[in-house]
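As they're listed, the protein sequences go chains E and Y. So that you can map any letter, position 192 of the first sequence is 192 in the numbering used here, and since no number is skipped, the others follow by simple counting. So that you can map any letter, position 201 of the second sequence is 201 in the numbering used here, and since no number is skipped, the others follow by simple counting.
Each hint should be verified, as a subset may be incorrect.
[Claimed, not checked] Think about it this way: if two alpha-carbon atoms lie no more than 16 Å apart in a straight line, the pair counts; the simulated EDC-like pairs of lysine to aspartate or glutamate are:
no.	chain 1	residue 1	chain 2	residue 2
1	Y	45	Y	62
2	E	133	Y	125
3	Y	133	E	125
4	Y	187	Y	19
If you're looking for bench data, these hints aren't it; they were derived computationally from the structure. The structure presented is a predicted model; accordingly, all values stated were derived computationally and were not measured.
Number of protein chains: 2
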Amino acid sequence: MKLLELYARKKHDITKIEDELERSIRSDHALLNEASLHLLKAGGKRIRPVFTLLSGEFGNYDIETLKLVAVPLELIHMASLVHDDVIDDATMRRGQLTVKSKWDNRIAMYTGDYIFAKALHVAAELGNPELHKILSRAIVQMSIGEMEQIRLFFDTEQSVRDYMLRIRRKTALLIAISCQLGAIAAKADPYVSNRLYNYGYNVGMAFQIRDDVLDLIGSEKETGKPAGNDIRQGNITLPVLYALQDPFRQEAVSSEIARIRTEEGAGDVSRFLALIRESEGIDRAEALASRYIDKAIRALDRLPDIKAKKSLQEIAYFVGKRSH
Amino acid sequence: MKLLELYARKKHDITKIEDELERSIRSDHALLNEASLHLLKAGGKRIRPVFTLLSGEFGNYDIETLKLVAVPLELIHMASLVHDDVIDDATMRRGQLTVKSKWDNRIAMYTGDYIFAKALHVAAELGNPELHKILSRAIVQMSIGEMEQIRLFFDTEQSVRDYMLRIRRKTALLIAISCQLGAIAAKADPYVSNRLYNYGYNVGMAFQIRDDVLDLIGSEKETGKPAGNDIRQGNITLPVLYALQDPFRQEAVSSEIARIRTEEGAGDVSRFLALIRESEGIDRAEALASRYIDKAIRALDRLPDIKAKKSLQEIAYFVGKRSH
Chain E
1 MKLLELYARK KHDITKIEDE LERSIRSDHA LLNEASLHLL KAGGKRIRPV FTLLSGEFGN
61 YDIETLKLVA VPLELIHMAS LVHDDVIDDA TMRRGQLTVK SKWDNRIAMY TGDYIFAKAL
121 HVAAELGNPE LHKILSRAIV QMSIGEMEQI RLFFDTEQSV RDYMLRIRRK TALLIAISCQ
181 LGAIAAKADP YVSNRLYNYG YNVGMAFQIR DDVLDLIGSE KETGKPAGND IRQGNITLPV
241 LYALQDPFRQ EAVSSEIARI RTEEGAGDVS RFLALIRESE GIDRAEALAS RYIDKAIRAL
301 DRLPDIKAKK SLQEIAYFVG KRSH
Chain Y
1 MKLLELYARK KHDITKIEDE LERSIRSDHA LLNEASLHLL KAGGKRIRPV FTLLSGEFGN
61 YDIETLKLVA VPLELIHMAS LVHDDVIDDA TMRRGQLTVK SKWDNRIAMY TGDYIFAKAL
121 HVAAELGNPE LHKILSRAIV QMSIGEMEQI RLFFDTEQSV RDYMLRIRRK TALLIAISCQ
181 LGAIAAKADP YVSNRLYNYG YNVGMAFQIR DDVLDLIGSE KETGKPAGND IRQGNITLPV
241 LYALQDPFRQ EAVSSEIARI RTEEGAGDVS RFLALIRESE GIDRAEALAS RYIDKAIRAL
301 DRLPDIKAKK SLQEIAYFVG KRSH
């Protein structure tokens with residue numbers, strides 16, 4: 001409810017960002033236009049732009065400047081989703097990869113490249129080299145995170161630290177800089193932008209852990225994708241790593257993963273899901289997510305008590321809310 | 001011979017660029033490191049950096065600044081090659097796409113993303129928003145060019161204009177800005193950087209046309225890949241479009257292309273190659289390439305007579321030299 005109020009309060013500026021997003025990826029090229037706009041219309045919560053706008057309220061709030069920061073961040077997120085789809089597609093359709101599906105993958109790859117390029121094009125309008133550096137460093141880390149994910153597909157020997165480092169790169173850093181750059185663009189005090197970076201980083205970690213938990217316990221209706229999507233691709237998430245630490249379950253979980261792997265993702269994951277749900281993995285992961293949320297809230301402690309602070313707290317509580 | 005002299009003269013600075021290239025893509029991530037360095041060691045003529053350095057000689061030549069322009073340009077070129085390989089690979093191995101090869105494609109996609117990101121990271125060190133704008137605009141155009149190429153695969157109805165627009169985006173623009181940005185980074189007069197842009201654009205057009213001709217008439221020994229590689233992928237190039245304009249050959253060429261398409265690229269392209277070689281397509285394409293070279297040379301006319309001007313002329317003549 002409170003989040004709805006937040007979106008209502010920022011509605012005017014979020015609309016501006018939507019318009020700018022649409023304008024930025026419009027092209028003369030029909031196929032690209034279609035692919036990019038389809039992606040845009042598919043929506044999403046635009047949570048990164050919302051973080052940027054709220055963080056901008058800690059300085060000289062100017063939507064015309066902030067949108068030039070928020071739009072690249074959302075575009076980078078979109079581009080990485082498109083490239084992830086290339087991977088997902090290939091995995092899901094293994095053994096029955098048609099020419100048609102390969103064609104789509106090529107289109108997806110270049111659509112992703114195009115959206116990336118557009119992100120940088122919009123960011124260039126800002127003419128602020130510091131923002132550019134922060135942005136490009138984050139994109140580098142994201143691509144390393146994506147590679148790490150592939151490298152560790154189906155690897156039951158990976159550590160919790162491997163997982164943490166991966167979601168840091170894949171998710172948390174971009175959310176962290178969404179906050180930081182909003183503050184920097186609004187010329188807020190460096191102390192403020194550092195605190196907001198910290199907030200965003202911790203919310204991002206919690207967000208990804210919760211997302212990974214939901215993939216294991218959520219229904220398709222709830223999450224928009226069938227449960228067990230991650231393991232079908234080979235993505236071993238935190239609750240699974242915790243379950244693998246349990247000497248009484250380790251063997252059963254490992255052999256289920258090995259079975260799913262040989263069936264190349266098309267197989268039945270229900271026994272795997274049952275094993276993880278019975279384990280302490282879910283609870284331990286949720287507990288860790290809560291700790292990140294606490295840290296995120298604490299990062300806001302010494303910031304001025306403006307509306308945006310309250311909203312950021314509410315977002316953190318929302319991310320941290322357990323669903324069972 | 002004269003080109004060897006040029007490389008000898010610039011050897012010291014080209015080595016600096018090599019070092020910076022290697023430094024820039026080095027990462028803690030073993031797999032990425034391996035994939036990127038392999039690509040780097042595979043070499044190439046580093047023609048884009050050479051254009052940047054030579055163009056820099058028209059202003060205040062400073063290698064420390066110029067390398068921050070040259071390296072991103074070469075990295076962008078490398079990244080686009082990696083993404084092209086994803087496409088090529090899939091086409092060449094059609095019908096026998098193994099899990100292994102799919103795995104490689106994913107790695108290739110993310111390696112390309114990583115190198116792109118690194119390119120922007122190096123460019124950000126320059127702290128010059130104008131360069132950023134020019135760079136990001138070129139990357140946008142390149143990704144549109146790549147999409148166009150895919151869309152027009154095996155399309156015998158496409159026009160010569162479609163082809164021109166495509167190679168403009170795919171090749172000529174990046175070479176044009178390699179010259180332009182070298183001059184801008186060296187604070188040369190805008191008249192000079194515009195002339196050099198023009199030079200690069202025309203050399204780039206000629207270069208791509210000649211490359212496409214070589215694919216049709218060159219031997220594998222000469223070009224490093226089997227003749228007819230383009231048509232196997234579906235890429236219809238200028239000599240083929242000219243052959244299709246010949247009413248006495250149009251039907252034979254079209255039906256050969258249709259046959260190659262249904263055999264999904266794995267087939268025998270010797271009859272196709274013979275048809276094109278017999279046509280006037282090769283000569284007409286070479287003639288057009290020569291016209292672009294003339295334009296490139298003329299673009300240099302009013303520039304001061306420094307060593308770099310002579311070198312740029314020699315590069316243009318070299319690109320324009322016919323091989324039969």
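Verification of the supplied hints:
1. Y:45 - Y:62: 22 Å, violated
2. E:133 - Y:125: Within the cut-off at roughly 7 Å; holds.
3. Y:133 - E:125: OK: residue 133 (chain Y) and residue 125 (chain E) at ~7 Å, within 16 Å.
4. Y:187 - Y:19: 24 Å, violated
In terms of the numbered hints stated before, the structure departs from hints 1 and 4, listed from lowest to highest.
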